[in-house]
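So the protein lines, in turn, are chains A and B.
Per this note's numbering, residue 1 is the first one in the first sequence, and the count goes up by one each step.
Per this note's numbering, residue 1 is the first one in the second sequence, and the count goes up by one each step.
Please keep in mind that the hints were generated in silico from the structure rather than gathered at the bench.
No false leads were slipped in.
The following residues of chain B were derived to be distant from chain A, with all beta-carbon distances above 10 Å:
hint: 1; residue: V126
hint: 2; residue: A286
hint: 3; residue: F288
Using C-beta positions, here's what the derived DEER-type ranges look like:
hint: 4; chain 1: A; residue 1: R57; chain 2: B; residue 2: S87; range: 31 to 39 Å
hint: 5; chain 1: A; residue 1: S11; chain 2: B; residue 2: G119; range: 39 to 47 Å
hint: 6; chain 1: A; residue 1: G144; chain 2: B; residue 2: D4; range: 27 to 35 Å
hint: 7; chain 1: A; residue 1: D76; chain 2: B; residue 2: Q132; range: 58 to 66 Å
hint: 8; chain 1: B; residue 1: G131; chain 2: A; residue 2: R53; range: 39 to 47 Å
hint: 9; chain 1: B; residue 1: Q216; chain 2: A; residue 2: E21; range: 15 to 23 Å
hint: 10; chain 1: B; residue 1: A18; chain 2: A; residue 2: G144; range: 28 to 36 Å
hint: 11; chain 1: B; residue 1: S128; chain 2: A; residue 2: D24; range: 47 to 55 Å
hint: 12; chain 1: B; residue 1: A18; chain 2: A; residue 2: A137; range: 27 to 35 Å
hint: 13; chain 1: B; residue 1: G131; chain 2: A; residue 2: D76; range: 54 to 62 Å
hint: 14; chain 1: A; residue 1: T135; chain 2: B; residue 2: R35; range: 35 to 43 Å
Not everything, but these chain A residues come out facing chain B in the computed CB check (under 10 Å):
hint: 15; residue: A13
hint: 16; residue: R22
hint: 17; residue: D24
hint: 18; residue: A31
hint: 19; residue: R37
hint: 20; residue: G40
hint: 21; residue: Q45
hint: 22; residue: T46
hint: 23; residue: L52
hint: 24; residue: L115
hint: 25; residue: R129
hint: 26; residue: M161
hint: 27; residue: A165
Where a beta carbon is used, it is the ideal one built from N, C-alpha and C, also for glycine.
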Amino acid sequence: MATDRSTADRSTAELERFLAERADHLLHTAALLTGSRETGEDLLQTAVERLLRRWRRFDGDPEGYLRRTLCNLAIDGSRRAGRWRLKEGLLRTGLRQVPDAASEVDLRDALVRLLWKLPARQRAVLVLRYWEQLTDAEAAEVLGCPEGTVKSAGSRGLARMRELADDWNDAAAAAGGWGKQS
Amino acid sequence: MNIDVEDLLRQGMLRYTADVRAPAGMARMAQRRRRRRLAQRSVTAGAALAACTAAVVVAVALPGAHHNAPGPTPTIDTAYVTKRVASALSTAAPAEIAHLMVTSSGPGGTSTAKEWSYGDQWRSVVYSSAGQPVYDEGGTSSTYTLVNYSARTWARQRGVAGQTGPASQQTGCVQAAAALSLLFRPRLSAGSPSASVVKLLRTAISCGTLTEAGQQRVDGIEATKLTSSSGSLISETIWVSPTTYLPVRVVIRSAPGSPVSQQTADITWLKPIAQNRAGLTVPIPAGFRQVPFGPTVRPISP
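Pulled out of the complex, with its shape left as it was, chain B reads as follows (with noise of 0.2 Å):
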């Protein structure tokens, strides 16, 4: 008998770590999670410093905070960054609300929306290109709520929940990009229980069409991209962040030979808290009508 515990030992630490990349980052997430627990030693200090603290938290939670990560930037294994992204959307799913920014540019010129998802609640405005709500709507699986500012009517609707959009008839990974299509589309998606803008992701990401490739600056801070092959029908990108793992910009493209357009979603992560919750509901200005929903109450959503 003659082996080499110790030089295997070595190749086998050598084997293990051989796709372990750090994050980028570190200081600045270190620096974070240190003002986050400076922030909660200071909300037992006093109920007066309460408000403060959960600012500085929601604050740390965002994904869109600003942070430079100078130096080279590692590049991180595919399986190793779903998994995280995976888990991330897991805890995020009760514990989060998710805030989206869309931009839809086509060949009918350009929108933009705002959307809000937590659990079974969702809300989305809808905005003309001079900046002026179109359409705002919203509810849960049981409600559903339109606001048409052109006609300055609302309506609302009971009973909702056996409406299911495209995201309940879309099963396993087949229409994985199909999934993420669905962020932009809030009324389809998140007005099926089971289609949450969290649940979305996760099916997009659980599927095995994203490979990692490198990381890219979004909004300030060094993101890990994942994207689709390039000889997917429609090309669908995610950017997490490489501190929470939580996506922080998907963007979908029409394919090649199909009129241009491209759907962008940035996305923050929110705290539960009232001031963010306040969000989901959609309110009914002073002076709009009621209508009975109908075929002239017409819903925003492709």
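Looking at chain A on its own, in the form it has when it is part of the complex (with noise of 0.2 Å):
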């Protein structure tokens, strides 16, 4: 995507192009960080709109301005409707369950479940991180926070799958599962 000036203004033709080839991997994004499709879609909506706001005279990285619109967007709404203390609760109650038949995809759709019960800061630190696969530095730039943050909420998150991997684990061990021969 061309981020120069040479033209004053750009299309929205302009935009609808660049979306065509990046709008599924930022949907990617956007659905991971809500954990809803449609919620991630109507996210990805707000970000676009936001863009377009700015687009003809914007000069920059879109992927970068969209990528971080939805990090604030989502930590935001997750802020404003105070869900993460729900969810923690959540997590405190329903997530230690661990199926009586442990397998390696389950545990890969139970961490993605696990995900979206973390609060919203280590839940976009993941995102970024593990989907987005920016460094440290990248993901403190995008949540314009300082890299201590983006660390200690990166293993925090990661803390908090591990404890769900481990119960999985113990849980496929002691079923004669897969975990056992790791």
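Please dock the two separately framed chains into a single complex, following the hints provided.
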């Protein structure tokens, strides 16, 4: 995507072309940030709307702008709704349940479900790190916070993931499943 | 214990997003959302602007509104699309008027009709090949009005709620195609309280007989195509708006081997403002004579 301003105004068609290439990936990020495809789509629409507002004079990386907006919207929305507190409660009670028949595939799904129960910033850090494959420094820039905050949020999020995986593994080992072999 | 949680998390993310596709035309959609928001703001700014705002909102809601979606068009999976369509239809059921432009072609020639459906209210006008109205009929679950333009007569019948057409006789997904075909038989479908245009579309969508078949340009928009399998007795295809997920066109074709016939309904969804609701009323032209309802006043629906 060209980012120079050699042509004074960018057309909506140009934004549409960019989105035709990158919207899927950005929607994936949004869906992972929100835990819902529909909400993710709404979030991306809002972000695109914000980009559109400044598009004609926009001088920068649209994907970076959209990614940053998605993260901010997800964190702000989560904060406003106070959802993470509710989800933390759920985390303590419901998510430690381990299925009877553990499997690697189920664990992958469970980890993604757990991702959505994490506080918004931890979730955003993990999505940026493991989905967008950004470094801590890049993630810090996207989130507008110090690198140390990203590192601590990431490690707290991963620690929760590991707790779940350990429980899973123990249950699998007890049942003679795949966990024993690792 | 040696689980690579990070790798498993990545795999889980990949699995979750594997079939998630962004709808085409997101910039245009955002543009419209912005316009709608601005229009809503202007409503609060002053009552003088209210009428203009309503017009903008209606224009935004119309799936037939033109917008281009350059670039590659993604394929969206059937389950996701049908879920969104069913959800959109559920929302549309109490909130929007379905307006259909129907074209039927077969061995007997081509006819056109306009139809409206809103809750239990409906109306259908059939036109001659010269574009003149031939019959105008409509009503609710309790009244039925028919205007015969050829005979310059009109008739009204009350208490027709018990009159049920095939829509109410067909259950489940056995007659999904029949549900769609009822779209083209307004009296029989809408005359039954259980079968508005929205309900018929919802039945057809929810039956699971349609599969997503890419995107096609319909009336200027890059619509998502849902179609029946090639072995179906009646070929049925529905195009839905990528913006609203409401059906914008329905086509049914006769089975191979039978006389070729095709029926097309182009659908627009209208806000139930007074101007649009007026379309649901059958006007009695001046000078037309009222006659008792009977066999001589033939309803047009087959």
